[in-house]
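Chemist: Each chain is listed here by its residues.
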Amino acid sequence: MPDPIFSAAVSFLSYFGIFSILSLSLNLEYGFGGQPNFGKVAFYATGAFVAGVVASRLMPLIAGIAPLDPFSPEGTMQRVAITQSNPYAALLTFLIALLLAALISGAFGYLVSYPAIRIREEWFLAMVLLVTGEILRVVVRSYPPIVNGYNGVLIPNPFRWLGDADQVSLAYMVLILVIALGVYIYINKLVNSPFGRLLKSMRDDQIAATSLGKDLVKVRGQVLILGSALAGLAGVLYAYYSGYVNPDDFIPIRTFDVWVMVVLGGIANNRGVLLGAAIMTAIDRGTQILAIQLQTFGGIAELNYLRYIIVGILMLAILMFRQKGILPEKPVKTPAYEVVKVE
Amino acid sequence: MFDWLLGSVLRSILIGSIYTLMALGLTLTLGVVRLPNFAHAELITIGAYVAVLSSLISSDISFALILAFVITALVAFSCHRVVYRPLSNRGATMYTLVLASFALGLVLRYIILLWASPTGYLQVRPLIPQQVVGLIGTTVILNVFLWSLPTAFILVLLLHLLLSRTKIGKMMRSVANNITLAQITGINVGKIQDISWLLAGGLAGVAGALWAILYYASPYVGWFALLSVFAAVVLGGLTSFSGTIAGGFIVGLSENLVMDVLNRSFGVEFTYKPVIPFAIIILVLLVRPKGLVGLLSKTRIVSRVPSRVEV
Amino acid sequence: MSEILKLEGVVKCYESLRAVDGVTLSIKEGTVTGLIGPNGSGKSTLFNVISGLDRADEGKIWFRGIRIDNLPPHKIFSLGLVKSFQDPRLFLGMTVLDNLLVPPKGQIGENPLNAPIHSRWRAQEISLAKKSSDLLSRLLLKGLHKTLSAEISGGQMKLLEMGRTLMADPKMLLLDEPTAGVAPKLARDIFERLLALREEFNLTLFIIEHRLEVLFDYVEYVYVMHRGKVLAEGKPEEILENKVVAEVYLGG
Ligand SMILES: Nc1ncnc2c1ncn2[C@@H]1O[C@H](COP(=O)(O)OP(=O)(O)OP(=O)(O)O)[C@@H](O)[C@H]1O
Ligand SMILES: [Mg+2]
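Residue numbers (this note's numbering), protein chains in the order written: chain H, 1 to 343; chain S, 1 to 311; chain V, 1 to 252.
None of these hints come from the bench; they were simulated from the model. Remember, it's a predicted structure, so these values are computed and weren't measured experimentally. Just so you know, not all the hints are guaranteed correct.
As the list claims (entries may be wrong) - With a Cα cut of at most 25 Å, we get these calculated PhoX-like pairs of lysine-lysine:
#: 1; chain 1: H; residue 1: LYS189; chain 2: V; residue 2: LYS235
#: 2; chain 1: V; residue 1: LYS146; chain 2: H; residue 2: LYS324
#: 3; chain 1: V; residue 1: LYS146; chain 2: H; residue 2: LYS333
#: 4; chain 1: V; residue 1: LYS60; chain 2: V; residue 2: LYS28
#: 5; chain 1: V; residue 1: LYS28; chain 2: V; residue 2: LYS235
#: 6; chain 1: H; residue 1: LYS189; chain 2: V; residue 2: LYS105
#: 7; chain 1: V; residue 1: LYS171; chain 2: H; residue 2: LYS341
#: 8; chain 1: V; residue 1: LYS130; chain 2: V; residue 2: LYS142
#: 9; chain 1: V; residue 1: LYS130; chain 2: H; residue 2: LYS333
#: 10; chain 1: V; residue 1: LYS75; chain 2: H; residue 2: LYS218
#: 11; chain 1: V; residue 1: LYS146; chain 2: V; residue 2: LYS6
#: 12; chain 1: V; residue 1: LYS142; chain 2: H; residue 2: LYS341
#: 13; chain 1: H; residue 1: LYS341; chain 2: V; residue 2: LYS130
#: 14; chain 1: H; residue 1: LYS333; chain 2: V; residue 2: LYS105
#: 15; chain 1: V; residue 1: LYS131; chain 2: H; residue 2: LYS330
#: 16; chain 1: H; residue 1: LYS333; chain 2: V; residue 2: LYS131
#: 17; chain 1: H; residue 1: LYS330; chain 2: V; residue 2: LYS243
#: 18; chain 1: V; residue 1: LYS75; chain 2: H; residue 2: LYS341
#: 19; chain 1: H; residue 1: LYS218; chain 2: V; residue 2: LYS105
#: 20; chain 1: H; residue 1: LYS330; chain 2: V; residue 2: LYS130
#: 21; chain 1: V; residue 1: LYS28; chain 2: H; residue 2: LYS341
#: 22; chain 1: V; residue 1: LYS171; chain 2: H; residue 2: LYS189
#: 23; chain 1: V; residue 1: LYS146; chain 2: H; residue 2: LYS189
#: 24; chain 1: V; residue 1: LYS171; chain 2: V; residue 2: LYS75
#: 25; chain 1: V; residue 1: LYS142; chain 2: H; residue 2: LYS333
#: 26; chain 1: H; residue 1: LYS330; chain 2: V; residue 2: LYS146
Said to hold, decoys possible - Among the chain H residues that face chain S by a calculated CB cut under 10 Å, a handful are:
#: 27; residue: PRO115
#: 28; residue: GLN167
#: 29; residue: TYR305
#: 30; residue: ILE309
Claimed, not checked - Quick list of simulated restraints, FRET-style, between CB atoms:
#: 31; chain 1: V; residue 1: LYS105; chain 2: S; residue 2: PHE224; range: 49 to 57 Å
#: 32; chain 1: H; residue 1: LYS324; chain 2: S; residue 2: GLN183; range: 27 to 35 Å
#: 33; chain 1: V; residue 1: LEU113; chain 2: S; residue 2: TRP4; range: 51 to 59 Å
#: 34; chain 1: S; residue 1: ILE184; chain 2: V; residue 2: TYR14; range: 18 to 26 Å
#: 35; chain 1: H; residue 1: MET320; chain 2: S; residue 2: GLY137; range: 52 to 60 Å
#: 36; chain 1: H; residue 1: LEU103; chain 2: V; residue 2: ALA123; range: 52 to 60 Å
#: 37; chain 1: H; residue 1: GLY182; chain 2: V; residue 2: ARG18; range: 52 to 60 Å
#: 38; chain 1: H; residue 1: SER7; chain 2: S; residue 2: GLY91; range: 44 to 52 Å
#: 39; chain 1: V; residue 1: GLU58; chain 2: H; residue 2: ILE310; range: 37 to 45 Å
#: 40; chain 1: H; residue 1: ALA282; chain 2: V; residue 2: LEU113; range: 35 to 43 Å
The beta carbon of each residue, even a glycine, is placed where N, CA and C say it ideally should be.
Go ahead and model the full structure; you've got the sequences and the hints to work with.
Modeler: Structure representation (structure tokens):
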């Protein structure tokens with residue numbers, strides 16, 4: 001297999017998996033629950049930062065080696081050495097990072113659901129969340145003890161011990177896709193249930209839902225915990241994929257990208273959202289590869305900017321001409337429909 | 001010895017007056033059109049670049065400001081006609097409008113980048129000579145300083161007169177209070193919204209131009225200022241006129257004077273500066289969601305959007 | 001017959017307007033009571049206050065002996081007091097059947113921990129589905145279960161709105177103009193069905209209604225509101241003879 005095509009395919013599928021988890025989680029929050037999480041990137045970033053902290057501090061301890069300064073070149077070399085020789089430590093660290101990220105991001109999500117109760121203007125929460133994400137980035141990039149500030153921290157792939165670079169990225173890609181598939185199945189089961197109905201009722205009419213006995217403060221908290229925990233998972237996967245935790249990766253446009261995937265594919269349709277994630281991945285990777293190719297032939301680096309212009313125009317086009325997205329919403333699929341049909 | 005203090009206060013006032021202009025525009029769209037316009041940032045940026053480009057023709061500052069007002073007003077108007085109004089006519093929700101304004105801002109910002117980057121306009125000052133016109137202690141007073149405060153003052157005054165003394169201003173206020181009622185009483189809501197967009201854009205443009213003249217223009221100036229502008233608006237109680245003015249200056253003071261004090265006395269690094277407007281927003285949210293309104297005066301250009309039943 | 005709902009001096013103000021101005025009333029369990037009054041007399045506001053959607057500024061409210069004027073709407077609902085809306089507030093993005101399946105209390109699958117494990121709530125879901133299926137045919141909505149609730153007619157929306165309240169196993173229903181917008185013939189039909197349901201489930205009904213000629217054939221007791229106050233109360237025939245009521249309301 002020719003090398004560039006292989007690596008392009010692996011990178012496409014890896015990103016697709018990560019984007020899928022992100023967009024499915026936003027779909028849970030917004031598509032089903034009507035909670036406009038404009039701070040998606042904050043929870044995604046939290047996952048990545050947790051991965052950075054766990055990989056740089058905890059892994060030597062798990063491997064039973066005295067840790068070196070995690071941000072020094074020696075510390076980095078130590079981590080590489082561990083992942084090369086100790087599959088157990090590498091994978092266990094990764095697993096702990098996943099769990100911890102889900103936990104911390106989930107708790108953070110709950111925290112954010114709280115002020116929402118006080119807010120009357122709908123867009124206000126949107127702005128606060130948007131800003132929260134940006135502030136998290138500013139603080140983490142300015143405060144070195146977490147992930148070495150804006151220098152970031154290198155974290156080696158948990159499959160490094162496989163040796164061959166292609167095999168490592170392939171194995172990691174498979175892992176991402178398996179987790180993404182798991183998330184897809186989980187969310188599908190979660191929303192095709194009375195809970196899914198509850199979410200949609202909150203989305204469609206909050207006043208009617210409360211007067212029909214729904215404790216929306218609780219539901220809002222639940223859905224933001226779940227959605228944020230999933231975004232945290234995606235953050236860990238991304239951090240290990242890129243091998244480098246860098247606060248400046250998590251700019252507000254990342255949030256916007258996820259929104260594009262959801263709105264494009266179809267609000268409250270999980271399959272549609274996967275389609276949206278695939279289209280977004282294609283644009284993201286496609287322009288990246290194109291820009292690099294063109295640059296080697298003397299094109300201008302600014303072609304990268306086209307990506308944002310395309311994504312922005314795409315979003316405007318959907319909002320103006322196809323508000324429901326590509327795939328339409330479906331009824332909540334429970335056994336109730338079999339019963340009513342039979343009679 | 002306290003020269004830094006004087007410089008700091010001066011900077012606070014200069015920046016505060018620019019924030020005020022930016023925030024008043026945002027307040028107008030928020031009140032009259034019910035749109036938290038995230039693309040307001042790019043209107044500011046466009047104003048900044050208009051100042052840069054106009055200085056190629058003439059180094060007259062008033063020329064730059066007027067041109068910035070007119071061009072940015074037209075851009076804002078086109079955004080309204082091409083994107084926001086068709087969306088609203090199709091019954092778009094608030095979230096849809098927020099997303100659309102974010103998307104529009106993104107497109108504008110990166111188009112500016114696409115142009116500015118290869119042509120060397122990534123960070124430029126207008127070709128307007130800066131002259132020292134005086135000294136206070138060792139603090140230098142530049143000619144351009146003398147433009148920012150008076151311009152802001154005059155514009156705020158004109159806006160105030162427009163809103164309180166003219167027919168159009170009264171119509172704007174009634175549209176902001178209750179669109180349906182305004183329609184019933186025969187107000188041409190479409191026209192009023194057009195005018196509000198022209199004004200909001202013009203104010204943002206002048207603010208951006210002033211920023212460029214004082215500091216520089218870059219594709220990100222508006223985006224970087226947006227957080228502070230939102231903080232000013234939130235502090236002002238979202239739609240209050242005097243509240244927004246106070247909000248603009250308070251944010252200006254906090255980001256400069258307070259930041260300088262924090263830095264000198266507590267060693268807080270300047271990289272944390274963006275946290276200040278954020279802290280203001282969160283604090284207002286938790287302590288006094290109404291903002292400064294009611295503390296200052298009861299007059300507001302518009303009343304708050306009627307609240308929904310609290311859940 | 002014991003008292004199920006009691007209000008004492010309830011006041012609700014909108015800025016300077018006293019929309020509900022010191023209402024005291026009491027309703028006996030199992031009865032059908034009407035609430036009438038000219039437009040803007042505060043009827044809907046009173047219902048909103050009772051159901052907790054709006055908070056009373058003054059006064060006390062008891063439901064089955066429990067003070068409810070400080071409870072949030074969902075708690076009041078769980079005590080068995082359920083309200084319908086004057087303008088139907090359906091979940092417009094959901095199907096007719098899904099609308100009916102939202103209200104039932106104690107759904108196991110509403111807990112996100114149980115939701116993905118369908119076996120935990122399957123049996124309950126099926127029994128709720130049977131109940132809604134039954135209700136669908138009673139409310140003349142049979143065959144529409146898969147239709148989006150935004151796509152049914154105004155009259156059908158009204159019926160679905162009522163069906164939704166019935167799915168909640170209520171002890172008492174507050175119905176805000178249940179027959180507004182439906183054909184006159186259907187209006188009587190709706191009342192017939194309501195009374196049948198009352199027998200079956202031992203419901204207490206409190207109904208706002210402008211169609212007095214229909215209402216008075218079915219209710220046992222009537223309250224008349226005017227400018228936020230209770231102007232008169234009594235049996236339908238007494239109300240019909242009341243001169244003051246005739247002046248402000250019936251006479252126009
Ligand atoms: N949210 C609100 N804010 C301000 N005023 C309100 C509000 N809701 C109702 N009102 C006012 O309170 C008064 C009572 O209204 P309400 O809806 O309770 O009347 P009603 O008796 O139900 O009338 P109708 O028969 O037309 O339904 C009216 O004058 C109305 O304008
Ligand atoms: Mg009413």
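Chemist: If a hint holds in the structure, say so; if it does not, say that too.
Modeler: Hint-by-hint comparison with the structure:
Distance hint between H/LYS189 and V/LYS235 is unfulfilled; the C-alpha atoms sit about 54 Å from each other, more than 25 Å. The straight-line distance between the Cα atoms of V/LYS146 and H/LYS324 is roughly 19 Å, inside the 25 Å bound, and the hint therefore holds. For the hint linking V/LYS146 to H/LYS333, the alpha-carbon distance of about 11 Å falls within 25 Å, and the restraint holds. At most 25 Å may separate the alpha-carbon atoms for a hinted pair to count; V/LYS60 and V/LYS28 meet this at roughly 17 Å.
Restraint check: the Cα-Cα separation between V/LYS28 and V/LYS235 comes to about 14 Å, which is no more than 25 Å; the hinted pair holds. As the CA atoms of H/LYS189 and V/LYS105 are separated by approximately 21 Å, the hinted pair is consistent with the 25 Å bound. Between V/LYS171 and H/LYS341, the direct Cα distance comes to roughly 30 Å. Violation of the 25 Å bound is thereby established for this hinted pair. Proximity of V/LYS130 to V/LYS142 is assessed by CA-CA distance (about 13 Å); at most 25 Å being required, the pair is judged to hold.
Of the supplied pair hints, the one linking V/LYS130 and H/LYS333 holds, its CA atoms being roughly 16 Å apart against a limit of 25 Å. For the proposed pair V/LYS75 and H/LYS218, the alpha carbon gap of about 13 Å is at most 25 Å, so the pair holds. For the suggested pair V/LYS146 and V/LYS6, the alpha carbons sit about 40 Å apart, so the restraint of at most 25 Å is broken. Taking the CA atoms of V/LYS142 and H/LYS341, the gap is near 10 Å; set against the 25 Å cutoff, the hint holds.
Our distance criterion of 25 Å between C-alpha atoms is met by H/LYS341 and V/LYS130, whose separation comes to about 10 Å. At most 25 Å may separate the alpha-carbon atoms for a hinted pair to count; H/LYS333 and V/LYS105 meet this at roughly 20 Å. Pair hint V/LYS131 plus H/LYS330 holds up; C-alpha atoms about 23 Å apart against a cutoff of 25 Å. Restraint check for H/LYS333 and V/LYS131: the C-alpha separation of about 18 Å stays at or below 25 Å, so the hint holds.
Taking the CA atoms of H/LYS330 and V/LYS243, the gap is near 56 Å; set against the 25 Å cutoff, the hint is violated. At roughly 34 Å between alpha-carbon atoms, V/LYS75 and H/LYS341 are farther apart than 25 Å, so this suggested pair is violated. Pair hint H/LYS218 plus V/LYS105 holds up; C-alpha atoms about 15 Å apart against a cutoff of 25 Å. Of the supplied pair hints, the one linking H/LYS330 and V/LYS130 holds, its CA atoms being roughly 21 Å apart against a limit of 25 Å.
Between V/LYS28 and H/LYS341 the CA atoms are separated by roughly 40 Å; this puts the pair beyond 25 Å, and the hint is violated. Taking the CA atoms of V/LYS171 and H/LYS189, the gap is about 34 Å. The hint is violated against a cut of 25 Å. Pair hint V/LYS146 plus H/LYS189 holds up; C-alpha atoms about 20 Å apart against a cutoff of 25 Å. Of the supplied pair hints, the one linking V/LYS171 and V/LYS75 holds, its CA atoms being roughly 14 Å apart against a limit of 25 Å.
Under the criterion of a C-alpha separation no larger than 25 Å, the hint pairing V/LYS142 with H/LYS333 is consistent with the structure, at around 19 Å. For the suggested pair H/LYS330 and V/LYS146, the alpha carbons sit about 10 Å apart, so the restraint of at most 25 Å is met. Given the 10 Å rule on beta carbons, the hint for H/PRO115 holds: about 6 Å separates it from the nearest Cβ of chain S. Taken as an interface hint, H/GLN167 does not check out: its beta carbon lies about 38 Å from the nearest beta carbon of chain S, beyond 10 Å.
The beta carbon of H/TYR305 is positioned within 10 Å of a beta carbon in chain S (closest approach about 5 Å), and the interface hint is therefore held. Given hint, H/ILE309 at the interface with chain S, holds; its Cβ is 5 Å from that chain's nearest Cβ, closer than 10 Å. About 51 Å separates the C-beta atoms of V/LYS105 and S/PHE224, a value consistent with the hinted range of 49 to 57 Å. Evaluation of the 27 to 35 Å hint for H/LYS324 and S/GLN183 yields a pass: the beta carbon distance comes to about 28 Å.
Our hint of 51 to 59 Å for V/LEU113 and S/TRP4 holds, since their Cβ atoms are close to 58 Å apart. Between S/ILE184 and V/TYR14 the Cβ separation comes to about 20 Å, which falls inside the hinted range of 18 to 26 Å. At about 56 Å, the CB distance of H/MET320 to S/GLY137 agrees with the hint of 52 to 60 Å. The beta-carbon spacing between H/LEU103 and V/ALA123, approximately 33 Å, falls outside the hinted interval of 52 to 60 Å.
Remark: the range hint 52 to 60 Å for H/GLY182 to V/ARG18 is upheld by a beta-carbon distance near 58 Å. A beta carbon spacing of about 46 Å between H/SER7 and S/GLY91 agrees with the range 44 to 52 Å that was offered as a hint. For V/GLU58 and H/ILE310, the Cβ-Cβ distance of about 59 Å falls outside the hinted range of 37 to 45 Å, so the restraint is violated. Between H/ALA282 and V/LEU113 the CB atoms are about 36 Å apart, so this pair conforms to the stated range of 35 to 43 Å.
Hint compliance for this structure: hints 1, 7, 11, 17, 18, 21, 22, 28, 36 and 39 are broken, all remaining hints hold.
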